[in-house]
Amino acid sequence: MYPIHNYSEPRKFLVPEFIIGNDCYEMVDIYVETFLGRRVMIVTDPGVIEAGWADEVIKRLKIAGVEYTIFSDLTPNPKDYEVMKGVEIFNSEGCDMIIAVGGGSPMDCAKGIGISSTNMMHVLEFEGVDQVPQPAPPLICIPTTAGTAADISQFAIITDSDRKVKIAIVSKTVIPDISLISAKTTTTMSDELTAATGIDALVHAFEAYVSNASSPITDLNAIRAIDLVFKNLLKAIENPLDLTYRNNMMLASTLAGMAFSNASLGIVHAMAHSLGGFMDLPHGECNALLLENAVEFNYESSAEKYNIIGRTIGIRSEKNDEIKHELIDRIRDLRKSVGITQRLSDMGVKKDDIGKLAGFAIEDPCVVTNPVMPEISDLEKIYEKTL
Amino acid sequence: MKKHSDTKSVDELRNKIIGLGDKSARKSYYPQLQARINELEIAKKKAEESENRFKILLNSTSDGIFIYYSENGKLYLANETACRMTGYCHGDIENLSISDIHPLTYREKILKDFEIMKNGELRLLRNVPVKKHDGTIIYCEINASSLKMDDQDFIILAYRDVTEIRESELRQREIEKKLNEAQKLESIGIMAGGVAHDFNNILSVIMGLTEILLQQNSRDEKISPKLKKIFEASTRARDLIKQLMTISYHGNDEKKPSHLISVINESVAMMRATTPSSIKIINENPLCHDLVMADETQINQILINLFNNSVYAMPDRKGEIKIAYSNEYIDESSLKYYPLLMKGQYFTIEFSDNGTGIKQEIIDRVFDPFYTTKPKGEGTGLGLSIIHGIIKKHDGNISVESEAGKGTKFIIHLPIYEGEYMETKSDSTQINKGQGRIMVVDDEETLAEVNGEMLKLLDYDVTVITSSTDALNAFKEKPENFDLIITDMTMPELNGLDLAREILGIRPEIPVILCTGFSDQITKESAMTVGVREFLNKPVTLKNLAATVEHILSSE
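Protein chains in written order, with our numbering: chain A, -6 to 380; chain V, 275 to 830.
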């Protein structure tokens, strides 16, 4: 059942301190005091504020007598200028720590604000891997979606608004100091958001599992995350207030995060980043649409691992071809069952865009851990099939 | 971002992503923290050193530095010199405002000045009074500049203590004033003396001939009284000239070592008789050194003049005159106050009254000749100038202190005579005739003749010669024909002293009498070394001439 690992290449495993469990966000003031925060910047978005999760944090800060500044002037796929505006407010208000409350966008934005303010650099200057010289101020993440796992990962994805491309900042310095992970915060998500983020978690797990940098430890996390998503995503949508499914999805997201933060990702994310940056398309849906064709492209290079995934989700076939097709079917079924039925062309992607999209995607750092190194034409073909 | 085109860069990127790149290690920030702490420690040390240097610099200046808050005048910092200068200690001074170190009456003005200085329009204030902690006042020169520190405006003031410079300047001005005064008096004196000299010669003729006529007509009751009146009038004229010559410091005098207290006592006794009894005279007689080389007559004159002034200053004839004596050693430091004196031991007379006093605006003029506040006819304005002249001639000093309505005090310093006191015999009044061959030399024909006539009257054998070279030739021809030579001092070609020297070169034992007037710049001592036996002051009276000639010839 487990893939054989030869250990000839060393592996690292790094995750932040995190607390997982319902209501654990109520411990936020303890950590603010621990990090000697005197004026906190809360980075969130209007949706999260409306859902009342920012207020939960503010309530605790008020009890602790800590001052705060709210920054929520940001959009999905956070833009560089939004980050820099946050930096300006962080500095002018004399803030000394950050609490990110929300999904991937507020958390990535909070990471960008933190490193830009301490290093006094523009956020785009950190593009790439290990490009952040100094650590950020203390960062507490309270995720309110189950899928992005920015509260776990060493990734921050920011859109370069001039180049219309998502840049990846990969650094130990963007791993939060503490994450307070409570599935209760995900009960306010819409069906669409539950679906998109849930599929995002599935793609994280899939790509980390077949990554050429996977390790026995990331494998454990990834395979369990895949299992959990297949068994719980639909039920979470059908029973949005049932904490059992929400907890399982949150666990799946966290495990997938632990896996991909250490084993990295593959071409699905590379191509989704390109779509998100170039056309500002929702990350989760792009991932969902691309996964099937990516599996088809990658299967040969990592058949053993794909077979294990197949068996995990109950595929009984023995032949590789059959397994591959069943696996792709199962992914498609899940996607459609959670309501992601459109194609890239429905979202406005045109055939003419493909060359450019593939050009950006081939430069994405996620490409290098894909089980097989693709040519640009390979990526064009996948975009075409998904159109 | 790097292109993934080659395998090597792909591998590198992959390594970094999976946390195995060169810089992928999670940092321990302890070393950075330690380095930062070290940097801060060094910075702190540097700041301390810099502060130390600043303090050394601040405290090494001889100026008192005050730094105060521009907006409220409160002191922020003062250096050591500032504390020493004002007598405050550090803790106290920093609780003060800048105006507190100035006298109350000056505060409003100084604050206004500082306000102007704040704008940079004024940089230096001179002679600003500063009130020390103990209340004494010093004077400072203040230099200002402004400074911004920690977003606050400050004014830096450098106070330079100029009290001593100021005092010495004032003193210097006082000395210059005194010297100017002395110079003025001296030039007036020279002028008066010059006039007196010519008058003397004229008087000598009048008096000499009058005396001759008196001798010849002593029994003629018609002529004799008239001649006596001429002689008396001439005598008064001679006395006035003598007074004028006293002012000029050059008049001949009869100085000898005198115990001044007894001399003054005599004058006081005399004045007591003529002073209204309602004026109390206090004459203290302490034990002190009073031996001074002095002309007693002139000292007497000083006392008379001072008495007269004091009595005049008491219109209701009520008051007190006090005379006190003391000894004072004038050293380097007191020379500042008496620039005309020499270092040494002095006999000091303080003559004070409680009369009307002298108004401050005229006090500088009281020693000027002919300056008087008395109505016309009541005073000549010579009294105090004569006193000044006499004191000057005695190498002394007179100063005056007075306050209108309270009285006046004259302080006289006369140098103590270090030699011995000698009793002197009083002159006889008898005119005696005698015998002897006398040569009389004077370039002024009338004077020569008058002197010759006087000697002939006394039965001497007289040869009158009006040129010094003729006189020398006559003597050379028959040196044995003369028993005595009487010569004038001031003559063309060969003066009296040169003539005496020549004659004494031929006959060292022959007595020579030198007649001297005011303008003759000769001392008895220098004449005595040449061999001159005796002096006669012009105008020469018959009595004087007779006594001197008799005295010399009888001792031959």
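Some hints here could point you the wrong way.
What the hints assert, rightly or not - Subject to a maximum C-alpha distance of 30 Å in a straight line, what follows is the list of computed DSSO-like cross-link-like pairs (lysine-lysine):
#  : chain 1 : residue 1 : chain 2 : residue 2
1  : V       : K320      : V       : K422
2  : A       : K78       : V       : K529
3  : A       : K157      : V       : K282
4  : V       : K452      : V       : K319
5  : V       : K502      : V       : K516
6  : A       : K157      : V       : K503
7  : V       : K707      : V       : K610
8  : V       : K503      : V       : K452
9  : V       : K282      : A       : K374
10 : V       : K282      : A       : K165
11 : A       : K5        : V       : K297
12 : V       : K405      : V       : K529
13 : V       : K503      : V       : K318
14 : A       : K349      : V       : K422
15 : A       : K165      : V       : K683
16 : V       : K707      : V       : K500
17 : V       : K282      : A       : K5
What the hints assert, rightly or not - To be clear about the criterion: a stretch of chain A counts as covered by chain V if any three or more of its residues have a C-beta under 8 Å from a C-beta of chain V, and this derived list gives those stretches:
#  : segment
18 : 120 to 132
19 : 188 to 196
20 : 250 to 261
21 : 300 to 307
Please keep in mind that the hints were generated in silico from the structure rather than gathered at the bench.
Predicted model only: the values in this text are computed from it and were never measured.
Don't be surprised by glycine CBs; every beta carbon is placed ideally from N, CA and C.
Practice problem: Would you check the hint for V:K707 and V:K610, treating anything up to 30 Å between C-alpha atoms as holding? | Solution: 57 Å, violated
Quiz item: Within a Cα-Cα threshold of 30 Å, do A:K78 and V:K529 meet the stated pairing?
Solution: Judged against 30 Å, a Cα distance of about 109 Å means the pair is violated.
Quiz item: Is V:K452 close enough to V:K319, meaning Cα to Cα at most 30 Å?
Solution: 62 Å, violated
Quiz item: When you check the alpha-carbon spacing of V:K320 and V:K422, does it fall within 30 Å?
Solution: OK: V:K320 and V:K422 at ~22 Å, within 30 Å.
Quiz item: Under a C-beta cut-off of less than 8 Å, do 3 or more residues of the segment 250 to 261 of chain A approach chain V closely enough to confirm the stated coverage?
Solution: holds (count 3)
Practice problem: Take a quick look at whether V:K282 and A:K165 sit within 30 Å of each other, Cα to Cα. | Solution: 23 Å, holds
Exercise. State whether the coverage of the segment 188 to 196 of chain A by chain V holds or is violated, taking the criterion as 3 or more residues with Cβ-Cβ distances under 8 Å.
Key: n = 0 at 8 Å, threshold three: violated.
Quiz prompt | Straight-line alpha-carbon gap A:K157 to V:K282, limit 30 Å | solution = 28 Å, holds
Quiz item: Would the pair V:K503 and V:K318 pass a check requiring their Cα atoms to be no farther apart than 30 Å?
Solution: Violated, because 107 Å separates the two Cα atoms, which is more than 30 Å.
Quiz item: Under the criterion that the straight-line Cα-Cα distance not exceed 30 Å, is the pair V:K503, V:K452 satisfied?
Solution: 44 Å, violated
Self-check item: Within 8 Å of chain V's CB atoms, at least three CB atoms from the segment 120 to 132 of chain A: coverage verdict
Solution: holds (count 5)
Quiz item: Are there at least three residues in the segment 300 to 307 of chain A whose beta carbon sits under 8 Å from a beta carbon of chain V?
Solution: Contact hint for the segment 300 to 307 of chain A vs chain V: violated, 0 residues under 8 Å.
In this structure, the earlier hints numbered 2, 4, 6, 7, 8, 12, 13, 14, 15, 19, 21 are contradicted, and the remaining ones agree with it.
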